[in-house]
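*Asks:* Here is how the chains run, residue by residue.
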Amino acid sequence: MKENILIIGGGAAGMEAATQLKKLGLNPIIVEKSERLGGHIAQWDRLFPAFHPAKDVVEQMLNNVKDVDARLNTEVTDIQRDNNGFHAVLSNKETIDAKAVILATGFDLFKAERKQEYGYGIYNNVITSLELEKFFKEGKDPRINNPKKIGFVHCVGARDVKVGNTYCSKVCCTTALKQACEMKEVFPDAEVYTFYMDLRMFGPGYEDLYLKTQKDFDVKCIRGRVCEVSEDMDGRLVIKAEDTLFGKPLRMTLDLLVLMCSMEKAKSIDKIQQKLGIANNSDGFMQNKDMYLGMNDSKQDGVFVAGTCTAPKSLPDTIGEARSVAVEVFNYINNK
Amino acid sequence: MIVEGKKKIWADYQKDIPDDHYFYVRSCIRQAFWPGSEVTFLDITRNKLGKDFYENPYHTTCGGIAYHSDTIPQETAMTIIARQFALMHESGYENYVCSCITSFGCYTETLETWHEYPELEAKIRQYLWDSCKKEFAKPKYLAHASDIIYKFRFEIAKQMKYPLVNVKTGKPLKVVEHIGCHYSKMFPSKGFGGAEYPYVLVGMIEAWGGEVVDYPERRHCCGFGFRQYFVQADRGYSMSNTHKKFESMEPYEPDLIITNCPGCPYFLDRWQYVIAEQTGKTYGKNGYGIPALTYEEVAGLVMGYDPWDLGLQMHQVAIEPLLEKMGIPYDPKRKYQGLNGKDLGQPMCPSCIKSV
Amino acid sequence: MDFGFCLSPSSHVKMDSIDLTTFNRLKETNPDVNTCIACGSCTSTCTAGNFTEMSFRRLLLMLQRGKEDEAKKMIQRCMLCGKCTLVCPRGINIRKILLDITR
Amino acid sequence: MNQYIFHPFVLPFVLGMAFVLTYCLVGLFRIIGQLPKDDRKKFWRSLVTPKTAWANIRDLFGDCLFHVKIWKRNPILGYMHSAIAFGWFMIIVIGHVMLFTLKPLQDVDVHGFARTFTNFYYPIFYKHFAEETPVFAFLMDFFLIVIITGIFIAVVKKIYSGVVGVKRVTKFGFADNMIRFALWTIFPFRLIAEKTNIMAFWWLYSIDLMIFMCMLPFTRYMHIPTEALFILLKHAGLKPREPRKGYALAQIYSCPSCGLCIDACPMSVNDKNSGNTSAYFMKKLRNADDAEAKRIAETCMQCGKCVAVCPVSIESCDIKMSQREATPYIINSDHSYLENVESSSSVNSTVLYFAGCMTQLTPKIMRSMKKIMEAAGENYEFLDKDGGICCGRPMMLSGKKSEAQAMIDKNTELIKKSGAKKLVLSCPICYKVFKEEYKLEGIEIQHHTQYINELIKNGKLKVSKGDVNYVYHDPCELGRAFGVYDEPREVLENVGNLRKAKSEKELSICCGGSLGSFNLTQQERDEITANSVDDLMYNHPDEIVTACPLCLKTFSKKSPVQVKDISEIVSEKI
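Protein chains in written order, with this note's numbering: chain A, 1 to 336; chain B, 1 to 356; chain C, 1 to 103; chain D, 1 to 574.
Straight-line distance between alpha carbons at most 35 Å, and here's what the computed DSBU-like set of lysine-lysine pairs gives:
| # | chain 1 | residue 1 | chain 2 | residue 2 |
| --- | --- | --- | --- | --- |
| 1 | A | K275 | D | K167 |
| 2 | D | K502 | A | K111 |
| 3 | A | K140 | A | K184 |
| 4 | D | K371 | A | K148 |
| 5 | A | K248 | C | K14 |
| 6 | D | K435 | D | K457 |
| 7 | A | K275 | D | K272 |
| 8 | C | K73 | D | K410 |
| 9 | B | K244 | C | K73 |
| 10 | B | K244 | B | K285 |
| 11 | A | K271 | D | K272 |
| 12 | B | K7 | B | K151 |
| 13 | A | K33 | D | K573 |
| 14 | D | K558 | A | K267 |
| 15 | D | K502 | A | K267 |
Covered stretches of chain D, as calculated for chain C (at least 3 residues, CB under 8 Å):
| # | stretch |
| --- | --- |
| 16 | 325-337 |
| 17 | 355-364 |
| 18 | 506-520 |
If you're looking for bench data, these hints aren't it; they were derived computationally from the structure. Built from N, CA and C at the ideal position, the CB exists for glycine as well.
Please take these sequences and the hints and turn them into a complete structure.
*Replies:* This is the structure in structure tokens:
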């Protein structure tokens with residue numbers, strides 16, 4: 001039995017699902033739209049909560065899928081159901097027949113320009129969390145020029161009806177604290193502030209990271225959401241927030257502002273999703289069959305979902321889902 | 001209130017108290033506030049219970065007031081304490097018992113600090129040598145005097161003449177217990193029953209027939225809080241704390257408050273008068289206040305000591321109603337006579353709270 | 001008798017005895033008063049808050065803690081410009097609530 | 001023999017006519033009496049001022065008789081209305097003309113009072129009483145048939161309103177339905193009566209007329225007699241001061257409840273909200289339902305589209321404002337702290353730029369304006385670089401004029417102190433209040449669309465043309481309020497290609513963010529925004545352009561393409 005399983009998306013979820021499916025004796029085929037596997041996580045430098053190099057994890061995952069059939073720079077342009085399962089047409093005109101489809105299409109990072117009051121793309125020194133991660137990885141970014149005062153804004157594009165995203169993006173809190181610590185490592189003299197609405201330290205070791213952030217790295221956490229950013233004469237950023245615990249509006253001049261952008265379901269899959277008949281939830285993420293026991297099943301027979309296409313998730317969550325989807329698919333093929 | 005839960009906590013916080021041979025140190029202020037208390041304590045323990053209590057006439061203050069008021073550094077306070085320990089050592093005792101709660105707190109803090117930082121102990125040893133040419137040994141046991149009474153509460157009960165019972169109704173008296181903050185709030189394991197639900201006074205009340213009143217502000221400070229009280233302008237804060245406690249205990253109609261700290265009975269007693277003057281409100285029945293006694297005074301009362309010998313006339317709040325409830329005979333004429341028969345003088349007649 | 005000191009008023013919010021009529025009335029017409037997550041966006045962007053103590057976040061709390069007089073005093077500073085409504089991540093109709101408080 | 005000159009079946013009609021005439025006369029005195037003194041003076045003067053008198057004549061004919069505005073909206077609707085109204089008017093006129101030419105059937109000479117009284121009903125029932133000439137007979141029959149065709153359309157419209165391009169119609173109560181039915185049956189009855197001369201139909205015809213006239217004052221058909229007065233009052237330049245008195249009352253009676261504003265209102269995307277449109281507002285006022293009128297007045301976004309489409313030009317936005325003023329919120333505003341506010345700008349610039357509260361939240365506009373003014377070599381200064389005072393318009397919108405004045409005064413002081421000759425605003429909300437309420441003599445007030453257009457026209461600003469397809473959204477307070485439609489479009493033509501939205505200019509749809517409404521929830525606003533975006537995306541533009549920071553923020557949430565401010569577009573093309 002060497003059934004084809006089409007996996008759309010070669011990020012953490014896609015790679016891990018492929019690894020497990022291979023082990024289970026099936027033939028996974030990854031279709032990835034970018035020129036490499038690894039997804040968002042490959043752009044990351046270190047992972048929370050323990051500052052583990054992302055490279056280690058990604059390399060291991062890549063190593064696991066080196067025998068897996070993967071099509072890079074390729075997108076699924078059309079997909080149809082037939083008697084044998086699914087018939088997919090790729091952008092390189094190739095066709096694939098598969099018994100089952102796994103949507104592991106992940107997320108798009110919220111476009112920070114949409115929160116115009118934060119001035120991303122307008123002011124020089126406003127960057128996103130992803131750009132900061134690139135800076136840690138590559139060691140240079142013209143906008144990060146020995147800053148003395150650095151601010152992190154949580155919940156950019158999350159928990160905000162004004163951009164239409166009312167959900168919590170789950171990982172940005174911890175990411176912000178991790179990056180705040182890393183900034184202190186790079187610029188020990190800098191003052192680092194985070195502006196949060198709630199700090200949601202839900203996972204193992206996360207609360208310890210929070211403690212470390214305050215204790216060892218002297219990062220100052222201010223409970224209040226930044227609502228306006230402007231630029232002063234010297235091109236430094238003037239931010240306005242309320243220190244809600246102190247109960248006063250606060251104004252501060254910063255050299256660098258990092259926006260913790262939220263996750264949104266990847267838009268590029270919309271067309272295929274429609275063809276497969278997979279609806280979205282009210283938050284824009286894909287609907288699965290059931291929140292508890294059917295989290296990897298879609299409402300369509302033979303179509304499975306894994307990873308952040310259904311909701312914001314951390315890397316361990318995603319890997320766990322990828323493994324469980326492999327089992328689901330295995331059982332599905334065997335019971336056919 | 002789940003009594004089992006409390007009992008479990010009480011069981012968790014127990015400590016061993018040696019049976020005999022104690023080195024006793026007095027409190028600076030209790031002797032002035034409640035001159036009968038320490039005398040009664042020694043009389044009960046020595047003569048009624050037959051225990052060996054040694055007092056060294058050279059002992060001084062522990063430095064606690066100055067320390068908590070930030071007027072001397074910790075090293076100085078520790079050196080004073082080291083000298084006390086040296087006196088004990090010289091006298092051949094190793095069980096240290098102090099009458100004052102703040103002292104108890106200071107001693108505990110010092111011993112714990114030395115335990116964590118032996119180099120500091122060495123330094124203090126040097127200071128003591130330099131200043132007094134004395135050497136000290138740390139006590140084997142450290143106890144507060146109320147711990148001793150707690151330990152022997154059943155022996156006292158055996159000799160009891162007037163239990164904490166209302167002779168007219170036959171019902172147990174409702175007793176509020178108030179523990180000095182420094183007894184166990186800093187080191188919960190050093191007090192009977194821990195910090196949240198101390199048992200030391202509850203044990204006495206239960207053993208002597210009373211009923212403990214549990215009220216919402218039971219944990220709250222009496223209002224002494226060194227710095228609040230010392231500055232006159234801040235004294236209102238001190239009184240407000242006391243006020244809060246009384247407002248909270250009032251609905252339970254307590255007959256009596258037992259305390260184990262020098263300051264607490266003082267503030268719980270005197271502020272009742274000031275509150276009455278300022279607000280017109282008294283917390284006892286019929287215009288009287290609620291008597292706030294020390295545990296020694298209560299022990300003395302139940303064992304049949306004469307109230308005036310116990311120094312109960314030193315209380316602002318009249319204790320006559322309590323004596324009548326317990327059925328203890330007293331001579332009203334002797335109230336303001338000293339032990340030598342001379343007139344002590346009467347307090348200025350309060351306009352609100354009844355003094356007789 | 002003057003002792004040179006007196007009882008200090010309690011600083012506690014007495015939740016058992018506060019009057020929540022205004023807040024409850026407000027809740028009926030504006031259920032979203034309950035959805036505030038106290039992020040402070042309204043306060044920080046407030047045009048009047050630039051010059052005064054005006055803070056809608058605190059104002060809501062005042063009403064919830066029975067400090068109606070303080071709340072009404074604070075409202076007097078409001079310019080009704082609507083910036084707060086624009087930045088609220090929970091989409092609370094702040095201007096409407098401000099106006100309804102005094103009804 | 002007088003029996004043929006008079007027949008008892010005319011009595012219902014005569015009674016009805018007498019009633020309605022009395023009612024209208026009393027109403028006229030009442031409305032005029034309720035006008036404030038200065039307004040009344042203005043009114044009398046306007047009647048004799050040639051300019052307004054001419055406008056009166058033009059509109060009386062154009063609107064009351066020929067219904068030009070309805071024809072413009074929708075020809076079928078125009079025909080329907082004209083057929084009934086103009087047709088009826090014509091048979092009344094022709095009937096009166098006939099009165100002098102026809103011979104009674106019974107050759108009886110009627111004189112004096114009897115003659116005058118006869119005039120009253122004679123033309124209405126002439127076929128029963130007189131012999132007709134063929135020409136008149138043809139005319140009368142022709143117009144009667146025309147009326148009946150109009151009624152036919154009306155009946156069809158009642159069943160399916162789509163035939164006249166109307167999605168939603170006003171829902172009527174018992175009285176309005178009843179009088180409509182009376183109106184519809186009057187003419188068929190007359191036709192049958194005239195052709196058959198059966199007495200029962202003459203009776204029915206007369207009774208129908210009575211029902212119509214007696215009910216008229218209590219229904220929407222009151223617009224027939226009132227509209228003329230409303231036109232006169234409007235041309236006198238009055239503003240409604242109180243929501244149910246004087247000028248406003250004339251408008252209330254003039255509203256025909258046609259419901260054209262229901263489809264036009266942006267709120268109607270949600271059927272639940274179509275009850276909050278102007279037609280219903282006027283109805284609530286007419287029925288003296290103050291609580292509902294107040295609620296609707298406060299729900300309205302004040303976008304002004306209902307006024308733009310109204311065939312009678314009812315100024316419902318103004319009436320809603322007067323309703324808000326009538327029962328203002330009691331805040332007891334205290335803006336004494338404004339005294340100490342200082343401007344962050346220095347003196348001695350010719351152009352003063354006031355960003356306003358909303359623009360503080362869209363820094364791109366401020367930055368673009370800065371770039372533009374610098375590129376044009378202007379001597380400029382920002383008034384509220386460091387955050388300023390609200391312009392006062394939002395306060396006005398809550399009906400609190402005097403409170404708004406505190407801010408207006410302070411801003412006026414700051415602006416005058418700067419010595420600038422020109423004030424440029426980015427926010428149409430500010431623009432409206434600056435134009436209407438601020439007294440800034442010698443200082444030209446421009447919105448940045450006008451300002452940029454001027455800079456490009458006089459060559460101060462050089463821009464390059466790209467090939468991006470733009471669609472322009474007219475902000476309500478810039479477009480409908482001040483007719484600034486061409487300047488932004490000219491600017492955009494200079495930098496790219498302009499595509500048309502489905503609804504443009506005075507018909508453009510509010511973005512949904514409006515500060516005007518107090519009651520709309522976020523979700524309701526989102527629905528409006530989505531609808532407005534759909535309208536703008538009609539011709540598949542690459543980018544949506546607007547000229548209001550509030551529109552910009554509102555659209556950004558829902559738009560599938562980039563939304564930009566016009567200043568941003570221009571600054572990209574310098």
